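Going line by line, the protein sequences match chains A and B.
All the letters of the first sequence, read from the start, carry residue numbers 1 to 192 under this note's numbering.
All the letters of the second sequence, read from the start, carry residue numbers 1 to 123 under this note's numbering.
Since the hints were made in silico from the structure, they are not lab data.
What you are looking at is a predicted structure, and each value in this text was computed from that prediction instead of being measured.
Hints are not guaranteed to be accurate.
Unchecked claim - One side of the interface only, derived from the structure: several residues of chain A facing chain B at Cβ under 10 Å:
| no. | residue |
| --- | --- |
| 1 | C66 |
| 2 | G99 |
| 3 | V148 |
| 4 | L152 |
For glycine and all other residues, C-beta sits at the position ideal for the given N, C-alpha and C.
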Amino acid sequence: MRRKWWVSAVTALILAGCSQVKTAVKPEKDRHTAPDFALKDVAGKTVKLSDFHGKVVLLNFWATWCGPCEIEIPWFIDFQQSFKDRNFVVLGVSLDDDGWTAVKPYIERRKINYPVVVGNDQTELLYGGIDALPTTFVIDRAGRIAAVHQGLISKSEYEHEILDLLDGKNIKVGSVLPSGRPAVLWTGLWAR
Amino acid sequence: MSAKAGATAQIKLTAELRSGYHCNSNTPSDDYLIPLRLTWTAAPLEVAGVDYPKPQMEKYSFSDKPLSVYTGNFDLVTRFKVPASAPAGPAVITAKLRYQACTDRACFPPKTVDLNVPVDIVK
Numbered sequence: 001m002r003r004k005w006w007v008s009a010v011t012a013l014i015l016a017g018c019s020q021v022k023t024a025v026k027p028e029k030d031r032h033t034a035p036d037f038a039l040k041d042v043a044g045k046t047v048k049l050s051d052f053h054g055k056v057v058l059l060n061f062w063a064t065w066c067g068p069c070e071i072e073i074p075w076f077i078d079f080q081q082s083f084k085d086r087n088f089v090v091l092g093v094s095l096d097d098d099g100w101t102a103v104k105p106y107i108e109r110r111k112i113n114y115p116v117v118v119g120n121d122q123t124e125l126l127y128g129g130i131d132a133l134p135t136t137f138v139i140d141r142a143g144r145i146a147a148v149h150q151g152l153i154s155k156s157e158y159e160h161e162i163l164d165l166l167d168g169k170n171i172k173v174g175s176v177l178p179s180g181r182p183a184v185l186w187t188g189l190w191a192r
Numbered sequence: 001m002s003a004k005a006g007a008t009a010q011i012k013l014t015a016e017l018r019s020g021y022h023c024n025s026n027t028p029s030d031d032y033l034i035p036l037r038l039t040w041t042a043a044p045l046e047v048a049g050v051d052y053p054k055p056q057m058e059k060y061s062f063s064d065k066p067l068s069v070y071t072g073n074f075d076l077v078t079r080f081k082v083p084a085s086a087p088a089g090p091a092v093i094t095a096k097l098r099y100q101a102c103t104d105r106a107c108f109p110p111k112t113v114d115l116n117v118p119v120d121i122v123k
């Protein structure tokens, strides 16, 4: 009896922790196709959004002068590293007026491990005008916009949405809970 | 504004930022931040200097350290020399105010506002 209470308490705590993470992922019926674009990367190679069809894409509009964007970039580096083998990619679109003059040293200094392109007015218009940075579109495997975020949100919110789209549900055995605990531990508690 | 040839003159511009917004000061905390800049095309007047207000050091959720910013209302004072040779009569001097504003969670693209100031030069 006592052990059952302990397991229930721990489970409740974990569930309470998970329930605090908001997700803005839209139902599939409400998702619209993300407009395609073709922009150059730092090597001069053309990168199209459609190149990543079949992957979950975190499309991040940012700039080197944007403080909140700077907070997110290490998170995106982590996501790229953690989920790159699961059909996931981060695609950064810089809106710096100075283009690669500003962006190239920045991505080298920050050791950005995902593709970055320099956007233009046309790209912004395709996405309804980017009024503020960061603005991030979470795109599903079918190339549809599943969530949009303007301004800084938490790393765990992004992580939750990415996992939701990768797995079709928020938590899966072998994935990582927002707190950093492996989900397999949680599954183990259920099994007791 | 009235300016006497051979004398000095000054213009005070008052900027107003809505609550919750800030812009970088003229001396931002990091190289990558875009400073507030007021630049004049003042002929026949000569710009003697622009006095920016003392920045505030404010901490925001997106920054580990306080940032050098302006918030609320603040004044930018420009001092001019009016050459003795300046022709008497009406003139228009122009300025560009470049700034980049943020909230605690998002930043807005840098903007440049054009200013036109009529000046009456008297002898």
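Tested hints:
The beta carbon of C66 of chain A comes within 4 Å of a beta carbon in chain B, closer than 10 Å, and the hint placing it at the interface holds. The closest approach between the C-beta of G99 of chain A and any C-beta of chain B is roughly 14 Å, which is over the 10 Å cut-off, so the hint fails. Because the beta carbon of V148 of chain A sits about 13 Å from the nearest beta carbon in chain B, more than 10 Å, this interface hint is broken. Taking 10 Å as the C-beta cut-off, the interface hint given for L152 of chain A holds, the closest approach to chain B being about 4 Å.
Checked against the numbered hints given earlier, this structure breaks hints 2 and 3; the rest are met.
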